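K.L.:
In order, the protein sequence lines correspond to chains A and B. The number in this note's numbering is simply the position in the first sequence, starting from 1, with 1373 added. The number in this note's numbering is simply the position in the second sequence, starting from 1, with 605 added.
These are calculated hints, taken from the structure and not from any lab test. Just so you know, these numbers come straight off a predicted model, no measurement behind them. A virtual CB, placed ideally from N, CA and C, is assigned to each residue, including glycine. One thing to keep in mind: the hints can contain errors.
[What the hints assert, rightly or not] Below, a sample of chain B positions facing chain A; criterion: calculated Cβ distance under 7 Å:
#1 HIS652
#2 THR665
#3 GLU668
#4 GLN671
#5 ARG797
#6 GLN801
[Stated by the list, open to error] Just a sample of chain A residues kept apart from chain B, beta carbon distances all over 10 Å, derived:
#7 LYS1376
#8 GLY1394
#9 ARG1410
#10 ALA1415
#11 ASP1472
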Amino acid sequence: MMKKTMTCIICPLGCRIEVEGERAQGYSCPRGRDWARQEAAAPMRILTTTVPLRGGEIVLLPVRTRGPVPKDRLWECLARANSLLVEAPVRVGQVVCPDLAGTGVDLIATRTVAEIGKD
Amino acid sequence: MKAELVVIGGGPAGMGAALEAKRLGLEDVLIIEREQFPGGILQQCIHSGFGLHLFGEELTGVEYAQRFIDQLGPAGVRLLTDTMVMEVAPGLVRALSPAGLIEIQAGAIILAMGCRERTRGALNIPGTRPAGIYTAGTAQRLINVEGYLPGRRAVILGSGDIGLIMARRLTLEGADVLAVAELMPWSGGLARNIAQCLEDFAIPLYLSHTLVEIHGKKRLRGVTLAQVDEEFQPRPGSQRYFPCDTLLLSVGLVPENELSRQLGIELDPVSGGPRVDQTLSTSVPGVFACGNVVHVHDLADNVTLESRRAAAGAVAWLARPVRGRELAVGPGENVSYVVPQRLSLPVSGTVSFLFRVRKPRQEAVIEVVSGGRVIWRKRRRGALPAEMVEIKVPTADIPAADSLTIHCRGEK
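Chain A extracted, bound-state conformation:
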């Protein structure tokens, strides 16, 4: 079994974790342990970006995937997000693209934006 060493990205501590099969060491919390096992098997990341917004009091809507998506599909997810055009108003947490690029993960707004000229 291959041993993998990684820096945990779950929290600012940044633990160095070694994973060999189901065995992980160097983590300091259960979330870190679970993340490391996942990272060794199939790395996942949260994608954050912006999409164009029409009729809002700002021109770009910040968005993110609700949960992590496979790291090797990040570019596909980004391409799909870049093809979107969202209409204001938008509420934080609103789904702007369900099942982003077939990952099963929704893309959601991370900011509330009113229509331009309306408060």
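Given chain A, put chain B in place with the hints provided.
P.N.:
Here is chain B on its own, set in the frame of chain A:
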């Protein structure tokens, strides 16, 4: 206009302080914000990594700000946006608003102006003065808020968190990031940002490197990087040319204290912010400060926690405007600064001390010393200059001495 409490700045520190002051029962709390929307710099922080401590979930900076913005109205906090404070005196704030100059009588004032980025001028970088050189935060605003890509091929100087975040952001927006260069032998950013912003995208990090020349006349053409020796002088023969059209500077943040200076507030030359006590009271009675205007934090969560202490301080001072005897707190071995810089007696419960180490330590022993005696000691796994250290010292352990010194000893 009148307000019991005027908060200058509507970022995480200002919103946190205003909401806490309302929760503690103040009637009339006013935030003055110079931007169009509250939220401060968080509005351009579209990346995640916020809120883990405070909300138990990972939020983006924008979402973190939204949580507080959504509470302002229901809590009854008054908010003036597009309004810039020009002058502060004890009990008085003058600001420029779209309606003209306004004057506000303030019972107490909380300074929450945040910080600014260090610019090229502070670094003495030789070379020409072409377009294409930005601070990392300016590039972040251009890309994330205004929708402009500053360039196609970039080099980033400095490995602070904003620089690392921008390396990833530029990459996702289709630019090539050729290098991140860091003067020190260690990174200025969090380990997780090295992993998820650089390693994920195979962006090289050059430690112990600096920028020795900027090339290009109208637009940046390239930069020359070189390795540095122990004295931070470029090693002859180590120069390497990187053709690029964009240079981002991520070389540190400076608390924004023009208003504090105007007030005659004592500043700490190392933290760059007002010298405060455990209630975040500055040297001027009735004026408090919190967040990055006091010292640059690595986490917004910590800014919020500090802002709540400042609100409690201001509310207590409004009820009873007296100040007790003071005890000086100072940095000792391998500590660059400590906040608070003094304690106002009496103290009760536990006191939080926040500080930064000068050099990394693998195994650290934190010691609080008073009158030559160690009054408190704790072991800690690792201490890095990029990470703020917090210790909570029970006040029962603090003697009625004149001063405390905080040390970070341990193996390199």
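K.L.:
Decide, hint by hint, whether the structure agrees.
P.N.:
Hints and how they fare:
no. : hint    : in the structure
1   : HIS652  : 5 Å, holds
2   : THR665  : 5 Å, holds
3   : GLU668  : 5 Å, holds
4   : GLN671  : 5 Å, holds
5   : ARG797  : 4 Å, holds
6   : GLN801  : 5 Å, holds
7   : LYS1376 : 17 Å, holds
8   : GLY1394 : 21 Å, holds
9   : ARG1410 : 16 Å, holds
10  : ALA1415 : 14 Å, holds
11  : ASP1472 : 20 Å, holds
Checked against the numbered hints given earlier, the structure satisfies every one of them.
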